[in-house]
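Student: Chain by chain, the residues run as shown.
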Amino acid sequence: MERKESIHEMSDFLLDYAISLMGAGSHTARIVRNVVRIAEAGGYEAHLTIFQKNISMMIKEKSTGETLTGIRRIKPMALNFNIISELSALSWEAYDQPISLSVIRSKYDEIMSIPRLSRWVVLFLVACANASFCKLFGGDWIAMLLVFIGTLVAFFARQEMMKYHFNHFIVFISAAFISSIITAAGVIWSLGDTPQIALATSVLFLIPGVPLINSIMDILEGFVLAGMSRLINATILIICISIGLFFTMSILGINKL
Amino acid sequence: MEFLINIFIDGFFAAIAAIGFAVISNPPKKAIIASGVLAAIGHGFRYYLLHATDLDIATATFFSAMLIGILSFVFAKLIHCPNEVFTFPSLLPMIPGMYAYKMFLSFAKFIRCDDPDLYVSLVVDAFKNGLTAIFILIALVVGVSSPVLIFHKQSFMMTRILKPITK
Numbered sequence: 001m002e003r004k005e006s007i008h009e010m011s012d013f014l015l016d017y018a019i020s021l022m023g024a025g026s027h028t029a030r031i032v033r034n035v036v037r038i039a040e041a042g043g044y045e046a047h048l049t050i051f052q053k054n055i056s057m058m059i060k061e062k063s064t065g066e067t068l069t070g071i072r073r074i075k076p077m078a079l080n081f082n083i084i085s086e087l088s089a090l091s092w093e094a095y096d097q098p099i100s101l102s103v104i105r106s107k108y109d110e111i112m113s114i115p116r117l118s119r120w121v122v123l124f125l126v127a128c129a130n131a132s133f134c135k136l137f138g139g140d141w142i143a144m145l146l147v148f149i150g151t152l153v154a155f156f157a158r159q160e161m162m163k164y165h166f167n168h169f170i171v172f173i174s175a176a177f178i179s180s181i182i183t184a185a186g187v188i189w190s191l192g193d194t195p196q197i198a199l200a201t202s203v204l205f206l207i208p209g210v211p212l213i214n215s216i217m218d219i220l221e222g223f224v225l226a227g228m229s230r231l232i233n234a235t236i237l238i239i240c241i242s243i244g245l246f247f248t249m250s251i252l253g254i255n256k257l
Numbered sequence: 001m002e003f004l005i006n007i008f009i010d011g012f013f014a015a016i017a018a019i020g021f022a023v024i025s026n027p028p029k030k031a032i033i034a035s036g037v038l039a040a041i042g043h044g045f046r047y048y049l050l051h052a053t054d055l056d057i058a059t060a061t062f063f064s065a066m067l068i069g070i071l072s073f074v075f076a077k078l079i080h081c082p083n084e085v086f087t088f089p090s091l092l093p094m095i096p097g098m099y100a101y102k103m104f105l106s107f108a109k110f111i112r113c114d115d116p117d118l119y120v121s122l123v124v125d126a127f128k129n130g131l132t133a134i135f136i137l138i139a140l141v142v143g144v145s146s147p148v149l150i151f152h153k154q155s156f157m158m159t160r161i162l163k164p165i166t167k
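Protein chains in written order, with our numbering: chain B, 1 to 257; chain D, 1 to 167.
I should point out that these hints are in silico values taken from the structure, not numbers from a laboratory.
Any given hint could be a false lead.
To be verified - Listed next, the in silico BS3-like pairs over lysine-lysine satisfying Cα-Cα at most 25 Å (straight line): (1) D:LYS30 - B:LYS107; (2) B:LYS60 - B:LYS107; (3) B:LYS107 - B:LYS75; (4) D:LYS109 - D:LYS77; (5) B:LYS107 - D:LYS128; (6) D:LYS128 - B:LYS256; (7) B:LYS163 - B:LYS62; (8) D:LYS109 - B:LYS256.
Stated by the list, open to error - Cβ pair distances, simulated, as ranges: (9) D:ILE111 - B:THR69: 46 to 56 Å; (10) B:GLU160 - D:SER121: 34 to 44 Å; (11) D:ASP56 - B:ILE7: 52 to 62 Å; (12) D:PHE3 - B:SER106: 51 to 61 Å; (13) B:PHE247 - D:VAL123: 29 to 39 Å; (14) B:SER100 - D:THR53: 55 to 65 Å; (15) B:THR69 - D:ASP56: 47 to 57 Å.
Said to hold, decoys possible - Non-contacting residues of chain D with respect to chain B, defined by C-beta distances greater than 10 Å in every case (computed): (16) PHE8; (17) ASP10; (18) ILE57; (19) ALA58; (20) LEU67; (21) LEU78; (22) PHE88; (23) VAL141.
The beta-carbon is built from N, C-alpha and C at its ideal position, and this holds for glycine as well.
Excised from the complex, chain B in its bound form:
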């Protein structure tokens, strides 16, 4: 990488890069590794502190000893593994080839504008996934069908609510409620042999699996505070799911799950 850019531009880019990785759902060690790698390639030394809401970074130009500290707030973003993959590749590209910061910046902008998968495809696949999850827990075909319909409606509702930026907790409570009350039809009219399993698996598509894995990963890698904050966030979402399910059970008077 050639060194024409100012330390301000470098710091600006690295912070953008770091918050994008964080928002896309990377674990903390990868963010630190990638940022330090790009900084090294440009002849800088970078030190990061990462929390759930903010990233602060100090970079130092090795030749002149000039330093700059910057803090940036992490923008909430939907999980996006494609961005993690592409941005990691970009960091190696910067490390292995002499490319200038402006080129890296334009490649970064390109990566960030890659469109997501169509929401309808996601909706259909998630419903299929939850139905097959029901099968894994021993549900029969009718239970699978119930879970499929419940998930289809609830995930659609979740997508719509996310679009209008509803409160996260309310989205999870209502999605769990919608999904479970639809599948509870099986319990009320005793459809099939395993309506209880249908009800129990109907909310599992909401479980924040990737944040849970990331949190344990962070804690084990020594980023204990970042990991704990992820774990607590994920736990709150799970509590919201239980609240939604509990509403359904209380309204319909279902005691056993």
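Given the structure of chain B, go ahead and fit chain D onto it with the hints provided.
Tutor: This is chain D only, laid out in the frame that chain B set:
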């Protein structure tokens, strides 16, 4: 023979589940297929361990996550992605979601409960579900990342195309 078929059925549905839960986090297209295959192998292996041996669910999960971790190196070489992009989605069918929310449901029931005979059983339920959930979760992560610790050098370079394994 029937046991073998059951393992395949288990793997097949785990693959669909993994693919469906993977697309929520928008992975690269190649990684979606990889996570489906890995989930089928991992979940099928766990089904085998749970039904053919005496292992408890957390230990069985640990070994199948480890299998996924080892195989992930092969896939990472093939499709040039960071490991976690397809290993995390392949772990999603094994996430102890049901245990986790059952813990909170038991707590909610405990608060509303008036019957002294039920108190203890509800607390035991909550404790057992919660502990199982956290143990499975830790087993998943430790299992999948232990091969990374063993093959430390190779693991960070999967996205690097130009100079494979020089520094």
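Student: Hints broken by the structure, by number, lowest first?
Tutor: 4, 5, 7, 13, 17, 22 and 23
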